[in-house]
Amino acid sequence: MSFWFNLVKDVFLRMLQLLSFSRRKISNSLSIYIKTNTGSTLSVELDPKWDIKNLKEIVAPQMGIAPEDIKIIFAGKELHNSIIIEECDLGQQSILHAVRTPHKIVNKTRNTDLIEESISETSDLNDSSGSKPMNETLMDLSLDESNLENLSLKEQQENRAHFYVYCSAPCKNVTAGKLRVKCARCGSGAVTVDRDPQCWPDVLQPRRITVNCESDFCPVTSSMHKDETESQVSYAHFYFKCAKHPSLGENDEAVPLYLVKPNLRNIPCLACTDIRETVLVFPCEAGHVTCLDCFREYCTVRLHERRFEFDEEYYTLPCPAGCPNSYIREVHHFHLLGVEQYERYQRFSTEEHVLRAGGILCPRPDCGMGIIPPSIEDDRECRRIQCIGGCGYVFCRICLQGYHVGECESQMSDASTSVFSSNYYSVDPLKANQATWDEASKKTIQTSTKPCPKCRTPTERDGGCMHMVCTRAGCGYHWCWVCQTEWTRDCMGNHWFG
Amino acid sequence: MAALPRRIIKETQRLMQEPVPGISAVPDDTNARYFHVIVTGPEDSPFEGGLFKLELFLPEDYPMSAPKVRFITKIYHPNIDRLGRICLDILKDKWSPALQIRTVLLSIQALLSAPNPDDPLANDVAELWKVNESEAIRNAKEWTRRYAMDN
Ligand SMILES: [Zn+2]
Ligand SMILES: [Zn+2]
Ligand SMILES: [Zn+2]
Ligand SMILES: [Zn+2]
Ligand SMILES: [Zn+2]
Ligand SMILES: [Zn+2]
Ligand SMILES: [Zn+2]
Ligand SMILES: [Zn+2]
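Sequences listed follow chains A and B, in order. The first sequence begins at 1 in full-length UniProt numbering and counts up by one. The second sequence begins at 1 in full-length UniProt numbering and counts up by one.
Where hints are given, some of them may not hold.
Below, computed lysine-lysine pairings styled on DSBU-like, alpha-carbon distance capped at 30 angstroms [stated by the list, open to error]:
| # | chain 1 | residue 1 | chain 2 | residue 2 |
| --- | --- | --- | --- | --- |
| 1 | B | 92 | B | 68 |
| 2 | A | 454 | B | 130 |
| 3 | A | 454 | A | 244 |
| 4 | A | 172 | A | 244 |
| 5 | B | 53 | A | 454 |
| 6 | A | 35 | A | 49 |
| 7 | A | 450 | B | 92 |
| 8 | B | 74 | B | 92 |
| 9 | B | 68 | A | 454 |
| 10 | A | 53 | A | 35 |
| 11 | B | 10 | B | 141 |
| 12 | B | 68 | B | 141 |
| 13 | A | 450 | B | 94 |
| 14 | B | 94 | B | 53 |
Sample of chain B residues facing chain A (criterion: CB under 7 angstroms; computed from the structure) [unchecked claim]:
| # | residue |
| --- | --- |
| 15 | 5 |
| 16 | 6 |
| 17 | 14 |
| 18 | 16 |
| 19 | 60 |
| 20 | 63 |
| 21 | 68 |
| 22 | 96 |
| 23 | 97 |
| 24 | 98 |
A few chain A positions that, by computed beta-carbon distances, are all more than 12 angstroms from chain B [said to hold, decoys possible]:
| # | residue |
| --- | --- |
| 25 | 244 |
| 26 | 298 |
| 27 | 406 |
By construction, these hints were calculated from the structure, which means they are not laboratory data. Positions of the beta carbon are idealized from the N, C-alpha and C atoms, including for glycine.
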């Protein structure tokens, strides 16, 4: 009996929806996709002025269920019926998730008392479930957990999270970003987060926030075992989308530039002292701030002088005030410099990495490709190096001239031996067997020059001062003749002049 | 010519309104990035009583790069070479855009009060300062009288 009643009710509702749907005039349409938990995708045109209830009415007939049996999930939140679509920060071609509720609840609930409760709850119009979208609730994220603040309501309003991302394609620019979330286990976006992220580690590090995954294909939900074990928990995987272009699908992600923030506290720029709307906050304890223009200039000047530094494997810069532990570790921030300078940054970075790994740079002018040759101990006869991935130039490792058979040509070549591969030189038996006056000339070179500790270019000691500056174009490393490490204040105090 | 950055305007205003005691810094009439600086020799230093002229120039990429400062008046000091160049870490590797013209001038004044022969630029001066400080101080006083007092 109730079956027939439900069927009739269903048909009636669907007709009603179709009627109301056709009556609506779409003023400013937003075309989005709706993914259902059964795996199908619907394409829908929406009016941004509609609310979630309207949306459910449109989707219901296509899913073959009643609108009140549908949950709409977006960016980690189940959206409440009264939410207006334009409040949700949906872009064109965004994906919403529509999930059948009663079915899911029966399947997912681990407690029998709760089953009845939820069923009875979903049988009335279910207006109490759901919440505001993430963009409405999310606060500006602090850099770490230590300084989570208690903010007043007004401050919370002003403190809405703003994200900046680097959109590698198609925008190729720094743009506004949107935070999105999916199930770390199955990759489905049909998840609701158990809490909002509060700090960047919540977003960037895995396994910090749990989610309720609604996908039928998720190993957690489809599992028959309902024990709450570690393996049964799903975690949030947060990612970002560019807000400037229509979504290009689920894999269209952008890199968050988490040091770029709206300047809510009106802090003047460290360099120009202007108070700007958007700033870059360095990860130092003081949280020094520069405006984006000054950041660009700071980086460009340092890049020009090749004064970026290594912080572990990152080729980067510290806070311009010289604070300890202030290196930028998300090097995508250097995209702020623009395409041309970023390319230069990448080139320098690659070169410096190669040199640091004991490699050499292709000697051909305008190439400079970094090459890591096989260790000479492994293959001592092999002096033939090809610039693979660069210009293709084939050259002699020893003299850096075009590749040749037999001994390298000139006396000069011996000098350049130590220039570019002094580390191989000393263990090269070919060289060790050379004429004695070569030995002697090597000694003179050794005593008047020492290799730059950074790039191994021999630098001649000039004017009695122990403060050396590497002469290799693009290195310019300041080092100490005595210590053969970076030039420091201690060197200056202890043995500047020997 | 590019507009003068607001930071330079602000710093100049502040230097005019609240000058650093014992130091005057006035921008050039034709070039707002070029400052004529006069530092009075600090009391109880061999430079006492002297007026030392310096030039200070804010490069194009200031405050990313340090100001360029040079003594114009001859001075006998281990950290200042024959061309008036100053050996001061904040003018080189320790420069930070958080520092200002004011900080630089104060540091130079401090350098006159406390020469550091272990951190020398003028090698021979530093040498003498180390082995025979009283003679070095006598020289410094003599140079101050000769070059920094008659104007
Ligand atoms: Zn984009
Ligand atoms: Zn899942
Ligand atoms: Zn600035
Ligand atoms: Zn700092
Ligand atoms: Zn090449
Ligand atoms: Zn060769
Ligand atoms: Zn070098
Ligand atoms: Zn040293």
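Checked hints:
Pair hint residue 92 of chain B plus residue 68 of chain B holds up; C-alpha atoms about 10 angstroms apart against a cutoff of 30 angstroms. Restraint check: the Cα-Cα separation between residue 454 of chain A and residue 130 of chain B comes to about 34 angstroms, which exceeds 30 angstroms; the hinted pair is violated. About 42 angstroms separates the Cα atoms of residue 454 of chain A and residue 244 of chain A, which puts this hinted pair outside 30 angstroms; it is violated. Taking the CA atoms of residue 172 of chain A and residue 244 of chain A, the gap is near 11 angstroms; set against the 30 angstroms cutoff, the hint holds.
A threshold of 30 angstroms between alpha carbons decides the hint, and for residue 53 of chain B with residue 454 of chain A the separation of about 40 angstroms lies outside it, so the pair is violated. The suggested pairing of residue 35 of chain A with residue 49 of chain A holds, with an alpha-carbon distance near 21 angstroms, which does not exceed 30 angstroms. Between residue 450 of chain A and residue 92 of chain B the CA atoms are separated by roughly 24 angstroms; this keeps the pair inside 30 angstroms, and the hint holds. Restraint check: the Cα-Cα separation between residue 74 of chain B and residue 92 of chain B comes to about 22 angstroms, which is no more than 30 angstroms; the hinted pair holds.
Between residue 68 of chain B and residue 454 of chain A, the direct Cα distance comes to roughly 28 angstroms. Compliance with the 30 angstroms bound is thereby established for this hinted pair. With a CA separation close to 17 angstroms, the supplied pair residue 53 of chain A and residue 35 of chain A stays within the 30 angstroms bound. The straight-line distance between the Cα atoms of residue 10 of chain B and residue 141 of chain B is roughly 37 angstroms, outside the 30 angstroms bound, and the hint therefore fails. Distance hint between residue 68 of chain B and residue 141 of chain B is fulfilled; the C-alpha atoms sit about 26 angstroms from each other, no more than 30 angstroms.
Restraint check for residue 450 of chain A and residue 94 of chain B: satisfied, since their Cα atoms lie roughly 26 angstroms apart, inside the 30 angstroms limit. About 24 angstroms separates the Cα atoms of residue 94 of chain B and residue 53 of chain B, which keeps this hinted pair within 30 angstroms; it holds. Satisfaction of the interface hint for residue 5 of chain B is found here, the shortest Cβ-Cβ separation to chain A being roughly 6 angstroms, below the 7 angstroms cut-off. Annotation: residue 6 of chain B was flagged as interfacial toward chain A, and the flag holds, the nearest CB pair being 6 angstroms apart, inside 7 angstroms.
For the restraint placing residue 14 of chain B at the interface with chain A, the shortest Cβ-Cβ distance is roughly 10 angstroms, beyond the 7 angstroms limit, so the hint is violated. Proximity of residue 16 of chain B to chain A is violated relative to the hint, the smallest CB-CB distance being about 16 angstroms (cut-off 7 angstroms). For residue 60 of chain B, the interface hint is violated, since its Cβ never comes within 7 angstroms of a Cβ in chain A; the closest pair sits about 10 angstroms apart. Given hint, residue 63 of chain B at the interface with chain A, holds; its Cβ is 5 angstroms from that chain's nearest Cβ, closer than 7 angstroms.
The interface hint given for residue 68 of chain B is broken, as the beta carbon of that residue sits about 14 angstroms from the closest beta carbon of chain A, more than 7 angstroms. Interface hint at residue 96 of chain B: satisfied, since its Cβ lies 5 angstroms from the closest Cβ of chain A, which is below the 7 angstroms cut-off. The interface hint given for residue 97 of chain B holds, since its Cβ lies 4 angstroms from the closest Cβ of chain A, which is under the 7 angstroms cut-off. A distance limit of 7 angstroms between C-beta atoms decides the matter here; for residue 98 of chain B the minimum to chain A is near 4 angstroms, and the interface restraint holds.
Against chain B, the non-interface label of residue 244 of chain A holds: every CB pair exceeds 12 angstroms, the least being about 29 angstroms. Non-interface call for residue 298 of chain A relative to chain B: violated, since the shortest CB-CB distance, roughly 5 angstroms, does not exceed 12 angstroms. Residue 406 of chain A, annotated as away from the interface, keeps every beta carbon of chain B farther than 12 angstroms; the closest lies near 46 angstroms.
The structure is inconsistent with the numbered hints 2, 3, 5, 11, 17, 18, 19, 21 and 26, although it conforms to all the rest.
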